[in-house]
Structures are given as structure tokens and as C-alpha cells.
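**Student:** Residues per chain are reported as follows:
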Amino acid sequence: MSAVSTAQTLIGPLLALSLAPLAGGLIARTKSIAAGRKGAPLSQPWLDIGKLLRKGEVTSNATTWVFRAGPVVGLAAVLTAVALVPWMGGPAPLAFPGDLVLLALLLALMRFVTVLAALDTGSSFEGMGASREAAFSVLAEPALLLSLSTLARGTGAWSLSDMLGPPAGQAWPVMGPALGLLVVSLFVLLLSENSRIPIDDPNTHLELTMIHEVMVLDHSGPSLAFIEYAAALKLWVFQALLVGLVLPFRTGSLAADLVLFLAGMAAVSVAVGVVESSMARLQLPRVPQLLLGVTVLAGFSLILTLR
Amino acid sequence: MDAVLVALLLLAAGGVGALAASSRPRLAAGLGVGGCVAGCIVGLLATASSLEDLPLAWRRPWRVPYGEIALEVDSLSALFLLVLFGLCLLAAIYGAAYLAQGGARRRQGPVWLFFNLLVASMALVVMARNAVLFLVAWEVMALSSFFLVTFEDDTSSVREAGRLYLIATHAGTAFLIALFMALAAGTGSADFDYWRDAATRAAPASAGLLFLLALVGFGTKAGLVPFHVWLPEAHPAAPSHVSAVMSGVMIKMGIYGLLRTFTFLGAPPPWWGAALLGLGIASAMVGVLFALVQEDIKRLLAYSSVENVGLIAIGLGLGMIGRSYQLPALVALGFTGALLHVVNHALFKGVLFLGAGAIAHEAGTRQIDRLGGLLRKMPITGACILAGSAAITALPPFNGFAGEFLLYLASFGGVMSLQGAPGLLPLAALVGLALSGALAGACFLRLSGLTLLGLPRAAVAQTARDPAAAMRLTMVVLAALCLLFGLAPGLPLRIVEPAAAVASGGVTPHGPLEASADLAGRIPRIFVLLIALVALLAWWRRRLLSHRDRSVALTWDCGYEQPTPRMQYTASSFGEPIREMFAMLLPARRHVVAPEGYFPSRASFRSEVVRPFQERLYGPAFGAVSRWISRLRWLHHGRVQLYVLYIVVTLILMLSWFLVSQKVPR
Chain A
1 MSAVSTAQTL
11 IGPLLALSLA
21 PLAGGLIART
31 KSIAAGRKGA
41 PLSQPWLDIG
51 KLLRKGEVTS
61 NATTWVFRAG
71 PVVGLAAVLT
81 AVALVPWMGG
91 PAPLAFPGDL
101 VLLALLLALM
111 RFVTVLAALD
121 TGSSFEGMGA
131 SREAAFSVLA
141 EPALLLSLST
151 LARGTGAWSL
161 SDMLGPPAGQ
171 AWPVMGPALG
181 LLVVSLFVLL
191 LSENSRIPID
201 DPNTHLELTM
211 IHEVMVLDHS
221 GPSLAFIEYA
231 AALKLWVFQA
241 LLVGLVLPFR
251 TGSLAADLVL
261 FLAGMAAVSV
271 AVGVVESSMA
281 RLQLPRVPQL
291 LLGVTVLAGF
301 SLILTLR
Chain B
1 MDAVLVALLL
11 LAAGGVGALA
21 ASSRPRLAAG
31 LGVGGCVAGC
41 IVGLLATASS
51 LEDLPLAWRR
61 PWRVPYGEIA
71 LEVDSLSALF
81 LLVLFGLCLL
91 AAIYGAAYLA
101 QGGARRRQGP
111 VWLFFNLLVA
121 SMALVVMARN
131 AVLFLVAWEV
141 MALSSFFLVT
151 FEDDTSSVRE
161 AGRLYLIATH
171 AGTAFLIALF
181 MALAAGTGSA
191 DFDYWRDAAT
201 RAAPASAGLL
211 FLLALVGFGT
221 KAGLVPFHVW
231 LPEAHPAAPS
241 HVSAVMSGVM
251 IKMGIYGLLR
261 TFTFLGAPPP
271 WWGAALLGLG
281 IASAMVGVLF
291 ALVQEDIKRL
301 LAYSSVENVG
311 LIAIGLGLGM
321 IGRSYQLPAL
331 VALGFTGALL
341 HVVNHALFKG
351 VLFLGAGAIA
361 HEAGTRQIDR
371 LGGLLRKMPI
381 TGACILAGSA
391 AITALPPFNG
401 FAGEFLLYLA
411 SFGGVMSLQG
421 APGLLPLAAL
431 VGLALSGALA
441 GACFLRLSGL
451 TLLGLPRAAV
461 AQTARDPAAA
471 MRLTMVVLAA
481 LCLLFGLAPG
491 LPLRIVEPAA
501 AVASGGVTPH
511 GPLEASADLA
521 GRIPRIFVLL
531 IALVALLAWW
541 RRRLLSHRDR
551 SVALTWDCGY
561 EQPTPRMQYT
571 ASSFGEPIRE
581 MFAMLLPARR
591 HVVAPEGYFP
601 SRASFRSEVV
611 RPFQERLYGP
621 AFGAVSRWIS
631 RLRWLHHGRV
641 QLYVLYIVVT
651 LILMLSWFLV
661 SQKVPR
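Chains A and B supply the protein sequences, listed in that same order.
Okay, so the first sequence: first residue is 1 according to my numbering, each after it adds one.
Okay, so the second sequence: first residue is 1 according to my numbering, each after it adds one.
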């Protein structure tokens with residue numbers, strides 16, 4: 001591997017590490033413009049994380065090392081996941097056949113430690129959030145794996161780096177309808193897995209209505225900063241999957257690819273913002289129905305490719 | 001081979017010695033445990049050292065019709081022997097400390113006799129190459145485990161579990177006897193080698209029947225749905241180290257039997273793989289869903305064993321489909337994934353059952369809703385259970401990942417290479433794997449989160465502490481192996497791959513597959529990266545906080561100042577949303593006493609999940625059979641002269657039938 005391609009490979013993770021929180025800022029800005037407000041600066045998530053990193057911590061007297069390990073392991077898991085996701089400039093640094101399984105299970109690891117940390121506080125609110133998170137993931141995880149295997153079937157590849165980008169571009173004319181369904185299901189999964197309206201509300205602090213936010217109620221200081229940053233990276237991972245599917249071509253020039261990729265990422269963030277400002281949060285009993293719909297959609301797209 | 005026989009002799013001698021010394025519990029335990037530990041170590045070393053020059057065979061005549069003491073260790077047997085001796089060694093060490101406490105001390109003699117007999121008979125099952133010998137070993141295994149299940153026979157639920165187990169295991173054995181008799185009648189020999197060589201000559205129709213017999217007979221032992229009903233009753237009833245062995249190894253004897261039978265039956269038609277896959281998916285789903293709603297830790301673990309056997313069957317089904325459609329990659333991935341999961345399940349289910357035993361012993365209860373906050377009281381047990389939970393959920397970097405990774409690749413491979421309707425089979429496998437994997441995550445979050453974390457829900461959990469050193473040691477060893485085999489899946493794969501080649505009838509090419517090359521090479525490096533990142537971030541967090549204010553306060557409950565442990569989420573409430581989602585499969589009975597009046601004094605709520613297989617399938621079926629049979633009850637009236645008359649009438653009828661049938665040819 002030449003120095004240039006090594007650099008290309010590393011650009012993706014570096015972009016993710018530096019720009020991921022900005023996606024959250026862009027979503028918030030979209031929502032505030034839609035609501036007729038000026039809104040916080042795009043860099044607000046970075047400022048928040050920086051502020052939290054400079055603070056001390058308050059922990060609950062019920063907790064053990066599991067509570068402190070939660071944010072650390074969660075961030076490490078999603079950082080590893082970032083290294084598995086390709087971006088438009090080239091393959092992911094850690095690509096191998098079957099890496100999509102590892103991606104799904106790294107996200108599962110992140111969820112596992114978050115839920116454990118929530119249960120460690122002994123709070124009934126956090127127990128409730130943990131229970132909901134565990135329940136909804138039961139439907140979201142198969143949907144993600146089914147969606148990714150449609151892509152595998154469409155491109156004949158077993159690795160994310162070989163199925164997103166140009167390989168997906170070759171699959172679009174052959175199996176456009178299936179991939180169209182896939183875009184829809186991946187977008188809903190993005191909303192669901194990243195605690196976005198209409199599944200969850202990232203801004204409310206009414207415990208009874210929340211899932212993710214209620215699980216991290218008791219975290220503070222650097223631990224909370226880790227959680228916020230990990231959440232931003234997870235959103236980036238899902239956005240990058242979607243962009244790799246929807247913009248499946250390359251211009252040939254690294255700079256143009258970069259601009260195209262970032263424009264795609266920004267567009268997805270704006271789309272999330274538009275959804276959030278135009279919809280209300282679903283009633284909780286409706287969430288499983290929505291997720292089941294996504295699973296069926298993903299399964300259907302896979303059956304379409306079987307012929 | 002001689003060394004393996006020495007191991008069997010040590011096991012038997014230890015067991016008999018323990019029985020002989022049963023009036024002196026200390027000596028009995030010493031002899032029993034000593035024999036078992038020595039036997040397992042010798043067996044492990046002998047099997048491991050002979051891996052290079054397999055197969056080893058050993059034959060002696062046996063004065064039993066069709067019987068011969070024909071033993072052989074090939075790669076498939078060696079894999080199961082290593083798992084068996086390894087887990088039983090640790091279980092025996094744990095059991096020595098576990099049984100030294102409380103009322104169990106009095107009965108050291110019989111318990112070690114049956115434990116050692118169980119280990120030895122399982123070893124004999126995987127080495128036997130003669131149908132009669134196999135069935136004898138199989139029966140010794142079933143009976144010795146029956147006596148272990150009914151160890152605490154002063155409890156009525158344990159007696160009931162033992163009875164159900166005895167019926168189920170013999171019903172399964174009946175199918176096996178039919179299977180072996182059919183094979184022997186078809187080939188004129190009871191020798192496995194002969195059957196293997198004769199495999200290609202079997203007519204396809206009768207091969208299908210033999211396959212079904214094997215599926216029911218061995219499926220009962222393995223705990224495949226719908227033959228699993230005995231398992232969730234029997235496993236929790238046994239002492240914890242026995243539960244670990246039954247779950248980790250004994251039910252795998254069913255898997256071994258299936259695999260061995262496949263080598264006799266020739267090329268499989270597609271429906272075999274589909275049937276195995278279907279039962280596997282059903283087992284995985286039913287097992288994990290019922291595990292999710294259990295209140296008793298050990299019953300939860302038992303249902304989870306049904307799930308894991310289902311995952312193994314999914315892998316075998318995919319491998320069989322691969323054989324039918326001539327897809328070598330699918331064969332290799334399916335069989336290797338299934339067998340790797342056999343190894344992994346023995347490790348993590350071992351640590352989980354041993355941990356559950358420690359909790360039950362120390363906290364005095366196995367009800368999740370009465371536990372909580374145990375990680376503070378039992379730090380080592382708790383950490384081991386957390387590791388086991390992560391491993392069984394297939395989370396990186398633990399060992400469960402490697403097996404499920406191969407199973408996922410097998411189903412991807414099937415989805416990608418099969419066209420049309422057959423492609424739906426691996427698609428179903430994919431959905432089953434993903435759904436049961438996600439459900440297992442929720443299930444083990446519920447188990448470990450609610451027993452280990454938070455605050456103790458009842459006073460019983462207050463006095464708990466880590467168990468005796470021997471018990472801690474075995475749990476730590478198993479948990480460490482879960483991590484080691486996760487970081488270096490190449491170690492188990494070196495034994496699993498040749499075994500998969502034998503099981504798949506030689507279709508699998510020897511040597512590393514592309515996917516397992518990744519497993520052995522690239523994936524461990526990613527896991528090392530993950531662990532390094534965890535260490536780096538933990539160090540960074542510690543540094544950030546080194547000179548800052550770190551205070552401890554009450555858990556935030558909207559400013560409420562007096563939280564009590566009873567306000568925590570309970571195990572039932574944690575599982576409720578998922579139970580609602582799958583309410584069709586998990587019907588619940590609710591017992592509600594609603595609060596009444598302005599100052600309600602009493603109110604209660606209790607819900608229990610219906611067991612549909614018992615209540616809707618076996619209950620009515622056996623009820624109908626017993627009603628039908630009871631119609632013949634008028635024959636029983638206790639008068640001896642009438643019974644003699646029955647005999648005379650029967651003899652006359654048979655004699656006349658014989659004479660009539662003799663006359664016809666003339």
C-alpha cells in the first residue's frame with residue numbers, strides 16, 4: 001500500500017473523529033431555523049464536550065466499576081466501529097470479509113455497557129430506559145443485519161468496503177427497487193439507533209418519555225463527555241453507511257470526493273433535522289411497530305434480490 | 001489410546017471408591033474428586049498429545065450379541081473429548097467445594113459415583129464404534145445424570161423434574177434403538193465402520209426415515225424444540241456443577257450423535273438441511289424468548305441452552321444444505337461454526353452455571369427479583385458472570401463472537417449463492433440468528449444487570465460473599481478461557497476444523513478457510529485495538545479527574561431524597577416490553593388484586609408465563625393417550641384365574657395363527 005493510499009485510508013477516521021459532533025450541531029441548527037430561531041453555533045456539541053471534559057464527576061453511591069466502565073468501553077467500541085466504515089476516498093482501515101457482523105456487534109457492545117451502567121444506578125427511571133433500549137434493539141439489530149446483507153447480496157461482497165461506494169453504484173441499475181427500500185430502512189434505523197425523533201427525543205428531559213437520555217442521567221463530567229462523543233460518532237457511522245449507498249460514485253480526484261462525501265453527510269444531517277422539526281415523537285407502543293415495519297422492509301428488499 | 005483407557009479406569013475407580021467409603025464423607029469426596037480430576041487430566045493430556053496421529057482405534061471382543069468393545073478416537077471424537085474432560089475437570093473441582101458445605105456432605109459417596117460414571121460414560125459415547133456399546137454407554141449416561149438431577153430428592157419439584165427427565169431420555173433412546181436396529185438390519189452388522197462404508201448403498205427413502213429417527217432421538221438429548229421440555233426442568237434441579245456439565249457437555253452428546261449418524265447416511269437431500277435448520281431456528285427463538293421471562297437464574301440458563309443448541313443446529317443445517325447443493329464454502333462455514341459454538345457454549349455456559357450456583361449458595365435464592373447489588377458483595381463471581389454474559393451475547397472481544405461470526409458468514413454465503421426458493425432457507429437462518437442474538441443480549445442484560453448491579457432487593461442478598469477459593473478459581477479459569485478464545489480463536493479452530501471435516505463426510509477441505517484465517521489473524525488484532533482503546537480512555541479519564549472534585553451522591557431520582565431498593569426496576573418489568581412484543585408466543589397469566597377504596601390496604605400483582613409446549617402440546621397428547629389406554633382398564637380386575645385364562649386364550653390364538661400361516665405355502 002502506497003503512502004498516498006494509506007493517507008486516503010486514514011482520512012475517513014480522522015474526518016469522523018474531528019467532524020462527528022458537528023453533525024449534531026447541524027441538526028440542531030436545522031431545527032432552530034425551522035422553528036424561526038437563530039440557533040446555537042454549529043460547533044456547540046464540541047463546546048459542550050470540551051466543557052464536560054474540564055469538570056469533575058458526581059457518581060451515585062449505588063454504583064460500581066461497571067458504571068464507570070460503561071462510557072469508556074462504549075466509546076472504545078464505537079471508535080473501533082468507525083475504523084470499519086469506508087468513506088468515499090477508499091476502503092476502511094480495518095476492512096475484512098464479514099466486517100459488517102463485527103460492526104453490528106460492536107454497536108451491540110456499546111449498547112450492552114450503556115444499559116449495564118444505567119442498571120447500576122438502581123434508579124427506576126434508568127431501569128425503564130434500559131428496558132426500552134433492550135426491547136427496541138431486539139428489532140433494530142436484525143433490521144440492520146438484514147439491510148446490510150441485502151447489500152452483500154447485491155454487490156457480491158462480504159465487506160463493507162467492497163459493497164459501499166462504486167460497487168453499490170453497479171448494483172443500483174440491477175436492483176434499484178431493493179436498494180431504494182434499503183435506503184428507507186437504513187434511514188429509519190439511523191433515527192432509531194441514534195435516539196432521534198420520532199423514536200426517541202434527544203432534547204427532552206422528561207424521564208418518562210425518553211430512552212437514551214434517561215439511561216445516562218447519572219453520568220457527569222468526562223464520562224458524560226465520552227458518552228456525548230460516542231453518540232456523535234455512532235451517528236456518523238450510520239450517516240456514512242447511508243452516504244456510501246446513496247452517492248455510489250467517485251470523481252477520481254481526492255478533493256472532489258471529499259467535498260462530495262461531506263456534502264452528502266451534511267445533507268443527511270439536514271434531513272434528520274427536517275424530520276425532527278416536522279414530526280412529533282411516536283407513542284412508545286408504536287415504536288415496535290415502526291421497527292418491525294423496517295425489519296419487514298429490509299427482509300423484503302433481500303427477497304427481491306433472491307428472485 | 002491406552003492413556004484414554006487409563007483415564008476411564010481412574011474415573012471408574014474414583015467413583016466406586018467414593019461409594020465404598022460413603023460412610024466417611026471426607027474420604028468419599030477425596031476419592032471421588034481425586035479420581036475425577038486425575039482421570040480428566042490424563043484424558044485431556046492423552047487426547048491432546050495424540051491429535052497429530054488420529055484416528056486411534058482399539059478393539060476387544062465382548063460376549064454380548066452383536067457387541068464388541070470397539071473404540072476409536074478420530075478428530076470429531078477428540079474435539080468432544082477435550083471439551084468434556086476440560087469442563088468436567090473444572091466442574092469436579094468446583095463441586096468438591098460446593099458439596100462440602102451444608103447438608104450435601106452426607107451423600108458424597110453416591111454423588112461422586114454418579115458424577116464420575118457420567119463423565120466416563122460420555123467419553124465412552126464419543127469413542128464407541130459399535131451400536132450395542134454405544135447404547136449401553138448412552139444409557140449409563142442417562143441414568144447417572146438422572147441420579148444427579150434427583151440429588152435433592154426431598155423437594156417435590158426436583159422429583160417431578162427427575163421423572164420428566166427419565167421419561168424424555170428413554171423416549172429418545174427408543175428412537176435410537178429403532179435407528180440402530182434399522183441400520184444393523186440393513187447392513188447385517190452393528191459396527192459403525194461398516195455402516196460408514198456402507199453409507200452410499202442405503203436407499204434414499206429409508207435414509208430419510210433413518211434421518212428422522214436420529215433427529216428425534218438425538219434431538220431429545222440435545223434439547224431441540226419441541227423435544228426440549230425436560231431440559232428447563234432437569235438442569236435447574238441438579239447441583240450447579242452438574243448443571244454446568246449437563247448443559248455444557250451432556251446435551252452436546254445429542255449433537256455428536258447427529259453428526260456421527262450423518263457419516264452413515266450418505267449424501268443428504270435438501271430437506272434434511274431444511275428440517276435441521278427449521279428445528280434450529282425454532283429452538284433458538286423459543287429458547288431465548290422463554291429465557292427472557294424466567295425468574296429463576298438457573299432456569300433462565302437452561303432455556304438459554306435450548307437457544308444455543310438451536311444455534312448449533314442452524315449451523316449444521318446450513319452445512320447440510322451446502323452439501324446438498326454442492327457449496328463447499330457453506331459446508332465448511334456451517335459445520336465449523338456449529339462445532340466452534342459447541343466449544344464456546346461449554347465455556348460460557350459453564351461459567352454462568354457455576355456463577356449461578358455461587359449466587360444461589362451465598363444469597364440463598366435464585367430468584368432474580370430478590371437479588372441485586374451482588375457485584376459489591378461478590379466481586380469475583382460478579383465479574384465472571386459479566387464476562388460470561390458478554391461472551392454468550394457474542395460481544396467482542398469474547399469467544400462467543402467467533403462461533404456466531406462463522407454462522408453469520410454461513411448464512412450470508414447461503415443467501416449469496418443460492419437462487420430462488422432455496423435462498424429463503426439461509427435468509428430464515430439469518431433472521432433467526434439476528435433476532436435470537438438481539439434477544440439474548442436483552443436476556444443477559446436482564447440477568448447480569450438485575451442480579452449484580454443496583455441495590456439489593458431483599459435482605460437475603462446482603463450477607464453474600466465470594467465463595468471458597470476452589471470455586472472462585474474454576475470460575476476465573478472459565479472466564480479467562482472465554483476471553484482467551486475470543487482473542488485467539490485460532491486455538492480452538494485448530495481442533496474444530498478437522499472435526500468439521502469428519503462430520504461433513506470429508507467434504508470440507510482440510511486446512512484453514514479464508515474466513516477462519518481472518519478469525520485467526522485480523523479479527524484478534526481488532527480486538528487488541530479495542531482493548532487498547534479501553535485502557536487508553538480509562539487512563540485518560542483517570543488523569544482528567546486526578547485533581548478534580550469527585551463526589552458521591554444519591555442516585556438522581558428527580559430530586560426525590562428517599563429512594564429504596566424496592567423502587568428499582570424489577571426483572572419482570574425489564575422483560576415486559578419484549579414479552580408484549582412476542583405476546584403470541586409468550587402468553588401470560590395475570591393474578592391481580594386491584595387496590596380498592598380510598599385507602600387501599602392490600603393490592604398485589606403477579607404474572608406467570610404459560611408453558612405452551614407442556615400445556616398445549618404434551619399435556620393434551622399424553623392425556624389423550626392415557627384416556628385411551630384407560631378404556632382397557634376393565635381387563636384389570638385382580639382375579640388370577642382370569643389372567644391365566646388370558647394367557648391360555650393368547651397361546652391358542654398364536655398357535656392357530658402359526659398353524660394357518662404354515663399351511664399357506666403348501
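In short, the hints are calculated from the structure, not lab data.
Check each hint, because a few of them may be wrong.
[As the list claims (entries may be wrong)] If you anchor each label on the Cβ, the simulated ranges turn out as follows:
{"no.": "1", "chain 1": "B", "residue 1": "Ser607", "chain 2": "A", "residue 2": "Pro285", "range": "51 to 59 Å"}
{"no.": "2", "chain 1": "A", "residue 1": "Pro166", "chain 2": "B", "residue 2": "Gly521", "range": "24 to 32 Å"}
{"no.": "3", "chain 1": "A", "residue 1": "Ala7", "chain 2": "B", "residue 2": "Pro55", "range": "29 to 37 Å"}
[To be verified] Chain B is nowhere near these chain A residues, computed Cβ spacing over 10 Å in every case:
{"no.": "4", "residue": "Lys38"}
{"no.": "5", "residue": "Pro41"}
{"no.": "6", "residue": "Leu47"}
{"no.": "7", "residue": "Pro91"}
{"no.": "8", "residue": "Phe96"}
{"no.": "9", "residue": "Leu102"}
{"no.": "10", "residue": "Leu116"}
{"no.": "11", "residue": "Val174"}
{"no.": "12", "residue": "Ala271"}
{"no.": "13", "residue": "Leu297"}
Treat the numbers as computed from the prediction; the structure is a model and nothing was measured.
Ideal Cβ placement from N, Cα and C applies to all residues, glycine included.
**Student:** CB of A/Ala7 to CB of B/Pro55, is that within 29 to 37 Å?
**Tutor:** violated, 54 Å
**Student:** Find the nearest Cβ of chain B to the Cβ of A/Lys38 and say whether that gap is larger than 10 Å.
**Tutor:** Given that every Cβ of chain B is farther than 10 Å from that of A/Lys38, nearest at about 32 Å, it holds.
**Student:** When you look at the beta carbon of A/Pro91, is every beta carbon of chain B farther off than 10 Å?
**Tutor:** holds, 13 Å
**Student:** Using the C-beta atoms of B/Ser607 and A/Pro285, is the stated range 51 to 59 Å upheld?
**Tutor:** About 18 Å separates the Cβ atoms of B/Ser607 and A/Pro285, which means 51 to 59 Å is violated.
**Student:** Quick one: work out the minimum CB distance from A/Leu297 to chain B and report holds if it exceeds 10 Å, violated otherwise.
**Tutor:** Given that every Cβ of chain B is farther than 10 Å from that of A/Leu297, nearest at about 13 Å, it holds.
**Student:** Can we confirm that no CB of chain B comes within 10 Å of the CB of A/Val174?
**Tutor:** holds, 14 Å
**Student:** Does the no-contact call for A/Ala271 survive, Cβ to all of chain B over 10 Å?
**Tutor:** Fine: 27 Å to the nearest Cβ keeps A/Ala271 off the interface.
**Student:** If I take the minimum Cβ distance from A/Leu47 to any residue of chain B, is it greater than 10 Å?
**Tutor:** holds, 17 Å
**Student:** Verify that the Cβ of A/Leu102 lies farther than 10 Å from every Cβ atom of chain B, and report whether the claim holds or is violated.
**Tutor:** Incorrect as stated: the minimum Cβ-Cβ distance to chain B is 7 Å, not above 10 Å.
**Student:** Decide, holds or violated, for the assertion that all CB atoms of chain B are farther than 10 Å from the CB of A/Phe96.
**Tutor:** About 5 Å separates A/Phe96 from the closest Cβ of chain B, which leaves it inside 10 Å; violated.
**Student:** Would A/Leu116 pass as off the interface with chain B, using Cβ distances and a cut of 10 Å?
**Tutor:** Non-interface label on A/Leu116 violated, nearest chain B Cβ at 5 Å vs cutoff 10 Å.
**Student:** So the hint says 24 to 32 Å: do the beta-carbon atoms of A/Pro166 and B/Gly521 match that?
**Tutor:** With Cβ atoms ~27 Å apart, the hint holds.
Hint compliance for this structure: hints 1, 3, 8, 9 and 10 are not met, and every other hint is.
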